[in-house]
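Trainee: Residue-level listing of the chains:
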Amino acid sequence: MSIMRLLLVEDNARLASLIREGLDRQGFAVDWCESVAGAEHALKINAYDLMLLDLGLPDGEGLDLVRKLRRAKLMLPILILTARGGLDDRVLGLDAGADDYLIKPFQIPELAARCRALLRRPGASLGTTLIVGNISLDTAERTVMVGGHTIEATPREVSLLERLLRRAGHVVAKPALEGALYSMDAEVTPNALEACMSRLRKRLNAAAADVQIRTVHGVGYALFAPVSTDG
Amino acid sequence: MDKAGNRKTGPTGPTLFRQIALRLSGFTLLFAAMDVAIVVVTYSSQPESLAQELLSLEAERVQSATDTDPDYLAGPPGADRWSARYIDDLGEIAGASVGSANGGRLMDWTRRERIAGGYRITGVRSVVRHGKQHWLLMQFEGDGIRPYAPVILDEIVQHVAVPLIPLSTLLLIFNIVAVRRVLKPLRQAEAEVDALDPDNGFHRLSEVTEPREVNTLVRAVNRALMRLDEAMAMLRSFTANAAHELRTPLSIMQLSLDRLPPGEVRDELQADTQHMTRLVEQMLDLAQADALAPELLEQVDLADIGREVVAAMAPKAFADHRDLQFACHGNTIVLGHAEAITRIYRNLIDNALKHAPGQTAIDVIAGPGPQLSVRDHGAGIADEDLPRLFDRFWRKDRRKTDGAGLGLGIVQKLAQVHGGTAMVENAADGGAVFRVTFLAAEPAKPA
Numbered sequence: 001m002s003i004m005r006l007l008l009v010e011d012n013a014r015l016a017s018l019i020r021e022g023l024d025r026q027g028f029a030v031d032w033c034e035s036v037a038g039a040e041h042a043l044k045i046n047a048y049d050l051m052l053l054d055l056g057l058p059d060g061e062g063l064d065l066v067r068k069l070r071r072a073k074l075m076l077p078i079l080i081l082t083a084r085g086g087l088d089d090r091v092l093g094l095d096a097g098a099d100d101y102l103i104k105p106f107q108i109p110e111l112a113a114r115c116r117a118l119l120r121r122p123g124a125s126l127g128t129t130l131i132v133g134n135i136s137l138d139t140a141e142r143t144v145m146v147g148g149h150t151i152e153a154t155p156r157e158v159s160l161l162e163r164l165l166r167r168a169g170h171v172v173a174k175p176a177l178e179g180a181l182y183s184m185d186a187e188v189t190p191n192a193l194e195a196c197m198s199r200l201r202k203r204l205n206a207a208a209a210d211v212q213i214r215t216v217h218g219v220g221y222a223l224f225a226p227v228s229t230d231g
Numbered sequence: 232m233d234k235a236g237n238r239k240t241g242p243t244g245p246t247l248f249r250q251i252a253l254r255l256s257g258f259t260l261l262f263a264a265m266d267v268a269i270v271v272v273t274y275s276s277q278p279e280s281l282a283q284e285l286l287s288l289e290a291e292r293v294q295s296a297t298d299t300d301p302d303y304l305a306g307p308p309g310a311d312r313w314s315a316r317y318i319d320d321l322g323e324i325a326g327a328s329v330g331s332a333n334g335g336r337l338m339d340w341t342r343r344e345r346i347a348g349g350y351r352i353t354g355v356r357s358v359v360r361h362g363k364q365h366w367l368l369m370q371f372e373g374d375g376i377r378p379y380a381p382v383i384l385d386e387i388v389q390h391v392a393v394p395l396i397p398l399s400t401l402l403l404i405f406n407i408v409a410v411r412r413v414l415k416p417l418r419q420a421e422a423e424v425d426a427l428d429p430d431n432g433f434h435r436l437s438e439v440t441e442p443r444e445v446n447t448l449v450r451a452v453n454r455a456l457m458r459l460d461e462a463m464a465m466l467r468s469f470t471a472n473a474a475h476e477l478r479t480p481l482s483i484m485q486l487s488l489d490r491l492p493p494g495e496v497r498d499e500l501q502a503d504t505q506h507m508t509r510l511v512e513q514m515l516d517l518a519q520a521d522a523l524a525p526e527l528l529e530q531v532d533l534a535d536i537g538r539e540v541v542a543a544m545a546p547k548a549f550a551d552h553r554d555l556q557f558a559c560h561g562n563t564i565v566l567g568h569a570e571a572i573t574r575i576y577r578n579l580i581d582n583a584l585k586h587a588p589g590q591t592a593i594d595v596i597a598g599p600g601p602q603l604s605v606r607d608h609g610a611g612i613a614d615e616d617l618p619r620l621f622d623r624f625w626r627k628d629r630r631k632t633d634g635a636g637l638g639l640g641i642v643q644k645l646a647q648v649h650g651g652t653a654m655v656e657n658a659a660d661g662g663a664v665f666r667v668t669f670l671a672a673e674p675a676k677p678a
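In the order they appear, the protein sequences are chains G and A.
What the first sequence shows, in the working numbering, is residues 1 to 231, in sequence order.
What the second sequence shows, in the working numbering, is residues 232 to 678, in sequence order.
It should be emphasised that the hints constitute simulated quantities derived from the structure, not laboratory data.
We treat Cβ as the ideally placed atom computed from N, Cα and C, and that holds for glycine.
Among the hints, a few may not be true.
Only pairs whose alpha carbons sit at most 20 Å apart, straight line, appear in this in silico DMTMM-like list of lysine to aspartate or glutamate [what the hints assert, rightly or not]:
| # | chain 1 | residue 1 | chain 2 | residue 2 |
| --- | --- | --- | --- | --- |
| 1 | G | Lys68 | G | Asp89 |
| 2 | G | Lys44 | G | Asp64 |
| 3 | A | Lys585 | A | Asp535 |
| 4 | G | Lys73 | G | Glu34 |
| 5 | G | Lys73 | G | Asp99 |
| 6 | G | Lys174 | A | Glu539 |
| 7 | A | Lys547 | G | Asp24 |
| 8 | A | Lys585 | A | Glu656 |
| 9 | G | Lys174 | A | Asp535 |
| 10 | G | Lys174 | A | Glu656 |
| 11 | G | Lys174 | A | Asp554 |
| 12 | A | Lys547 | A | Asp581 |
Short, incomplete list of chain A residues facing chain G, as computed with Cβ under 10 Å [as the list claims (entries may be wrong)]:
| # | residue |
| --- | --- |
| 13 | Met484 |
| 14 | Arg538 |
| 15 | Phe557 |
| 16 | Asn562 |
| 17 | Leu566 |
Next up, chain A with everything else stripped away, as it sits in the complex (with noise of 0.2 Å):
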């Protein structure tokens, strides 16, 4: 089964978060612009308060400029002319009427005239230096927009940007904390999506109740793991019906066949039903692994469930000619289901039963500590062989019909049940060991 291609780090899509924080800076750029447009179209169609701003914008620059005198100071960008000095009267300029000083930031007075090729703007403004009023009389000649684009650009800093950059700013924070609080029950979910095994039935998302988009999807979900489960355990109780249901015609062919008279095809038809037997009773077993709940585990000892074990097995084993014996190494007391302990061993057994040669003897071991291990002392398994041994219906030879390949798949199931493993490795001195581990129980209270 290849499970790469569902891996956590799946596509690499853009997250939600840039995709919003992309389209905030699409709306901000475009809003700008819109700003942008707005101020040059206002401005245009209002001359008169453009040429007020240029010359306030020069008067800021002359004063700001101190002692220098303000006339040799750089005028507005494509001035035809230009100039700027202070005086003490007003009675040179014509037409010039000008109220008190108003000493404010605003052109006290501004007069914008059409001239041959283009335009003269005058302006007067009180400024105070040395403690003393004065007037500062500007002019200006110049044509077209050219000159403007310090007074635009002014504007535009003044309207557009100084507004929008916090707000954008405020914004693109504001969309981190959103995105990351609508966020965390989805990843909440996800993590419980993962964890998720159809072999310990699926537990349900838990539900969050906000954000409500995200509610209708975990119920969603658990509506269809519902369905799942259902299905799983049809197949399940399927396997496990079907299983049991062949028991009464294979006694009924089994002691039918002890009937014929004796030869060599009712010797083989016994082989067949004995073969049939062992698959039927290895599939219910197997259903039944998957679905015993580590709930029902108890204090067991591995000692006692493998004496009883090697005690049944024994006589079997003797009529092949072979030995079996058992140790215990101590501290053999597990949490554990004896019945399935029982299935480890006796499938372990009839492993080793089977696929060691001859006579060899076979060592069934409990401990030391959480951990059972039978041994064989055959030729030990071929490396190639070693990570597809627990397969389910795995066989070395599947032109041998004894056995179903599903012993050790069973064994292994059972150990992940009970919190353990099931492992084979080749003894040093010859044979394989097969070990199953287990959690030990946890020290008995005194009663």
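This is chain G alone, in the form it adopts within the complex (with noise of 0.2 Å):
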């Protein structure tokens, strides 16, 4: 996979050379600019993957250029990085057209993880190998592999896995897991889900997966990393 390279439009410097820093060590290359026009100028020359935007800067609004780059058909994710954490601020600034909205202060584990998650969204990837923990799974071979060896799932737990460590750390929701199994074929159960989970489980374990999927009554599921690995 190629090094990743992000725009960072920030007008505070020394916050903006900590960002550059943060993320340099977790494998980003950070250009960095700071204002609007800078970063006008930045997105004609070079094709980046992502940008961290800034709301407030010294010759405009950022979410101006946000919908300016949206009314140019851009899409390239945009994360907003911003000190505005308002009751409307994240909804005006999704409505604007950016992908991800963070309010600051933030850590740079956190940071990363959504640019890696908006990175992986479809679209902006290709078919990979996903890997939390000894767990791997192979998107477009629909193999999954604990510890180095393979073993044996059916499509829909592939499937349900795939969900999951897509959103390792995170919960994902029962309808977003269910819609997983629909997709396969079209009978399922009421309990189809739960029975599937359970099965899923049981091959992990046995395989002796270090991951956990936890259960969030009323929710959904979710899998996470082993604790001794950085989180």
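Fit the two chains together into the complex; they arrive one by one in their own frames, and the hints show the way.
Mentor: Here's what the structure looks like:
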């Protein structure tokens, strides 16, 4: 996988250098500019995978830049980094066409995780291998490996696991998981999800997988990486 | 805060109505006294007409006593001598010359003469008795003013009481009506002022066109309200701006700390920064909760929002080895602001994570009906803490540095903006239940 190239638009030089340094260590290449004009210029000459955008910039509003780029059909993912955490600010940002909204202050691992999530979005990435703990899932081949050994799994189970892995560390709602089952075939009984999840857990336990699948009653399921690794 | 001194039943000073009524009565009395004085002065300078009035009065009495012999009737008070009789011939009275009988109320003839030790008044009046004309001859001897007392009293009744009593009664009624009318716009303004709530911005008082005095007062109050509004807006935007401006330096602090070599100092500083971050967030949340306009509410589903918040917070709960679960009991469509309700859930769950002990589970429940609740399985809340739990900046133990004591205050404010309430109770089988009620949304119209 090639290195992801990010454009950071932030007028606070000290914060910008800290973000650059942090993301650098997480394996991103970050270009930095301090103004709307600078951002527009950088976007013309370079192709970026993602833009990190502060809202209050010296020569204009970040949201205006988002709208302008979306009108120009530029589909580059945009993550807004802002001090504006008002009740309506997030909705305003997403309505303007941003893909995600992160309120300052934030931690670098969280920022990096959001960036990766945006880059994994359909259309923004190719078929790839998802790795969490000692599990890896090849999204093209539809195979699952635990600790280097391929394990047996039905297409439904692979599909379930894929959804959990893509959102590792987050709760995936039941409807989204059921969607994975429906896409396989038409007949899904009311507790098909529970049954399938239970079989998947048994298989992973049997293969000594170090991830944990937790139930959030009334909401969905979440897959967590082992606690020992950084998270 | 002691609001008792500000209640409606304030000072018990005299009402405007009472003041006017009192003054009016005073003036009426003064006027009556002046009138009496004028009557007395007028008559004492005209003894002839007083004498005539005196005898007229007696003649009336004699006539109204029909058949009794007039001489037996008591004369005016203080009379030294008094006689009254009917006669047919006037010849015996020296000097009396009477024209035609006038039959009216006045005397036909009166004479006042000084005698030793006083005066004598003689008068004749034509009367008709049993269909026949007679002359009533009256003679009176007396001294001083006392015999005139009934006359003067009669005069007072006739000239002072008769016109003044109806007049002052009319004035009093007019006073009631006028005061009511004048005060009505003031009462209305009073009700409007009472309804003012700094939390919801100050509405202006509705202006009245008359009376002009009330109009100018209302306009002056409105100008004062405008200045207050500006001051409140400044205070709010200051809180919001200050919290807002603190976020960038906090980011820098946090990211810089991450570059320090791992160790105890770094961990402590990181915890402090997080505490400060949380405080700033809550200040901003509170400022925004204060400013959230109820007009922005729309139909939202408490269950949908609850699921999202639980999904977002479950990893954090799991990291603390706690179970966070969600249940929906139906009919959860309410009028609300989605982000505000998210904060209500989040603050309540945060509160439960922080205050319920160990690894107990936390239940998040939407419904039944327009309400949500967050239940922990801790020890519950001490009775003495229940009333203060929602106070801003209140904490059970101030020495604990985590949290600013704003979370539940934010929940309460947001509940109020939604037209609902936030409350807490201890569950029968242990643990605290925080409940927030909302207004049910109108049933959706079929599309």
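Trainee: So, for every hint listed, does it hold in this structure?
Mentor: Status of the hints after comparison with the structure:
1. Lys68/G x Asp89/G: This hinted pair holds, its Cα atoms lying about 18 Å apart.
2. Lys44/G x Asp64/G: 17 Å, holds
3. Lys585/A x Asp535/A: 24 Å, violated
4. Lys73/G x Glu34/G: Not satisfied, since the Cα-Cα distance of roughly 23 Å exceeds 20 Å.
5. Lys73/G x Asp99/G: 14 Å, holds
6. Lys174/G x Glu539/A: 11 Å, holds
7. Lys547/A x Asp24/G: 27 Å, violated
8. Lys585/A x Glu656/A: 17 Å, holds
9. Lys174/G x Asp535/A: Cα-Cα ~12 Å, so holds.
10. Lys174/G x Glu656/A: 32 Å, violated
11. Lys174/G x Asp554/A: Answer holds: Lys174/G to Asp554/A is near 17 Å, not above 20 Å.
12. Lys547/A x Asp581/A: Holds, at about 10 Å.
13. Met484: 8 Å, holds
14. Arg538: Hint on Arg538/A: holds, closest Cβ of chain G at ~5 Å, below 10 Å.
15. Phe557: Holds. Min distance 3 Å.
16. Asn562: 16 Å, violated
17. Leu566: 15 Å, violated
When held up to the earlier numbered hints, the structure conflicts with 3, 4, 7, 10, 16 and 17 and fits the remainder.
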